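2 protein chains.
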Amino acid sequence: MRRMGDRPKQLGHLEYLGDATKQAPKIHALIPRCALLENFSPAEVRLLAHFMDLYRANAGAEVLREGDPGDFMLMIVEGRVEVRKRDAAHAAQLLATLDAGKTVGEMSMIDGEARFATCVATAPTVVAVLDRESLARIIVEQPMLGAKILMELVLMLSQRLRATSARLIGALDERAAQAANVV
Amino acid sequence: MRRMGDRPKQLGHLEYLGDATKQAPKIHALIPRCALLENFSPAEVRLLAHFMDLYRANAGAEVLREGDPGDFMLMIVEGRVEVRKRDAAHAAQLLATLDAGKTVGEMSMIDGEARFATCVATAPTVVAVLDRESLARIIVEQPMLGAKILMELVLMLSQRLRATSARLIGALDERAAQAANVV
Chain A
24 MRRMGDRPKQ LGHLEYLGDA TKQAPKIHAL IPRCALLENF SPAEVRLLAH
74 FMDLYRANAG AEVLREGDPG DFMLMIVEGR VEVRKRDAAH AAQLLATLDA
124 GKTVGEMSMI DGEARFATCV ATAPTVVAVL DRESLARIIV EQPMLGAKIL
174 MELVLMLSQR LRATSARLIG ALDERAAQAA NVV
Chain B
24 MRRMGDRPKQ LGHLEYLGDA TKQAPKIHAL IPRCALLENF SPAEVRLLAH
74 FMDLYRANAG AEVLREGDPG DFMLMIVEGR VEVRKRDAAH AAQLLATLDA
124 GKTVGEMSMI DGEARFATCV ATAPTVVAVL DRESLARIIV EQPMLGAKIL
174 MELVLMLSQR LRATSARLIG ALDERAAQAA NVV
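If you read the sequences in order, they're chains A and B.
Going left to right, the first sequence walks through residues 24 to 206 as the working numbering numbers them.
Going left to right, the second sequence walks through residues 24 to 206 as the working numbering numbers them.
Hint data in this document are derived by calculation from the structure and do not stem from the laboratory.
Since the model is a prediction, treat every value here as computed from it, not as a measurement.
Don't take every hint at face value.
One copy or any two copies: either way a pair holds, since identical chains are not told apart in the list.
Computed list of lysine to aspartate or glutamate pairs in EDC-like fashion (alpha-carbon distance at most 20 Å, straight line) [as the list claims (entries may be wrong)]: (1) Lys45 with Asp134; (2) Lys125 with Asp94; (3) Lys108 with Glu197; (4) Lys32 with Asp122; (5) Lys108 with Asp196; (6) Lys45 with Glu101; (7) Lys108 with Glu61; (8) Lys49 with Asp29.
Please model the entire structure based on the sequences and the hints provided.
This is how it looks when you write it as C-alpha cells:
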C-alpha cells in the first residue's frame, strides 16, 4: 500500500511488517474488544486493513512519545502498552494499561498536535497504524467507511471527554473541600 | 424539511422558525467564529442549513437541560447562552458563556447520552438545530459533507479533550500539593 519513504519516521525503530491486509482476520477478531470497530462488518475490516500498516515493538520500546509530532493512530493487535504522562514534577505517571483492541493517538492523527502522552510496549506488541493521509484517502475512496470511522472516533472522544470532565469536576470539588478544611 | 411531529420535544417551549435554509447567509457569516464551519464553503453551508431547523429562545429559556436525553446539537446563530453544571453540592456552576457561532450538545447528538450541562439563553437567542437523524441522512445523501462535519466534530472534541485533560492534570497536581501542605 505504501512506499518506504511514506512510513512515519517516529516508528523507524520498530520492525515494519507490511500492510495489515493479511492480518485482517486477526483484526476482525478484535471487534468485541475494540470501540473503533464495534459496528464494522468483516468486509469493512478488510477494507480498513488495506489502509493500515503493521509494526512490531519489543518490550520496552516506545511506540508514541509525549510531545512528539505525529499524524497517525495505533491499534494494538497483540501485546500490551502502558500510557504514561509527565506531571508538573516531570515524574512519569501511569495513566492506563492497554491491550489488544485498544487504540491510541487518535487526537494527534486528527489535529496534528503533539502527543499527549508516551506509550511504551511492556510485552512484545504488534500495532496497526492508520495515518491522516490514509484516513483522507478512505474518505474520498470509500466515503461510507470513512464516515463510519469518523463517527466511531467522535463517539470515543465524546465518551473520553465525558469521563475526563467528570473526573475534573470531582477533582475541583475535592480541592475545594480540602481548601475548606484547611481554612 | 421536517414534519411537525419530528421536532425534538425538548425544544417544544421554543418558537419554531422553520428550516435553516433561509438563514444560510447568516450562518455563513458565522464561519470566522464557528469551529464546526471553519472549512466550509458557502455551498456547503447552504447544503448543511437544509438539514437544520431554527428556534428562537427568549432570555431566561433553557435550550438544553443537564440530565435530559437528546440527540441534537445546537449552533447559536444570534444571542448568548450560559453553560451551567451542578456541582456535588447541587449548586449551578457557570462553565462558559457562548455567543454566535458556538455549538453545544455535540456529545449527546453522537452518543445519545444525557446532557452534561444546562444551557440558558441570557439574551434573545436563535439556534440552528442538527439532530442525529439529519446527520445520518447527510452521511448517506452527501457523504463528503458528512465526512467534513464528522472530521470537524472529531477535531473539536479532540481539542476539548486536550484542554480538559490538561486542566484535570493541573487540578490533580494542585490537590497533591495542597495535601502535601496539609501534611
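Identical-chain pair category, Lys45 with Glu101, by Cα at 20 Å: For Lys45 and Glu101, the Cα distance is within 20 Å only inside one copy (15 Å; across copies 53 Å).
Could you figure out if Lys108 and Glu61 sit no more than 20 Å apart (CA to CA) within one copy, between two copies, both or neither? Neither way: Lys108 and Glu61 sit 28 Å apart in one copy and 31 Å across, limit 20 Å.
Could you place Lys49 and Asp29 in one of the four classes (within, between, both, neither) given a Cα distance threshold of 20 Å? So Lys49 and Asp29 fail the 20 Å test inside a copy (25 Å) and across (42 Å) alike.
At most 20 Å between alpha carbons: which applies to Lys32 and Asp122, within, between, both or neither? The answer is neither: 24 Å in one copy and 42 Å across copies each exceed 20 Å.
When no copy is specified for Lys45 and Asp134, does a C-alpha distance of 20 Å or less occur within a copy, between copies, both, or neither? neither (30 Å within a copy, 33 Å between copies)
How would you label the pair Lys108, Asp196 (within, between, both, or neither) given a Cα cut-off of 20 Å? This pair counts as between: shortest inter-copy Cα distance 13 Å, intra-copy 23 Å.
Tell me, please, which holds for Lys108 and Glu197 at an alpha-carbon limit of 20 Å: within, between, both or neither? between (22 Å within a copy, 16 Å between copies)
Classify it for me, Lys125 with Asp94: is the Cα-Cα distance of at most 20 Å met within a copy, between copies, both or neither? For Lys125 and Asp94, the Cα distance is within 20 Å only inside one copy (18 Å; across copies 27 Å).
Hints 1, 4, 7, 8, counting from the list given before, are not met by this structure.
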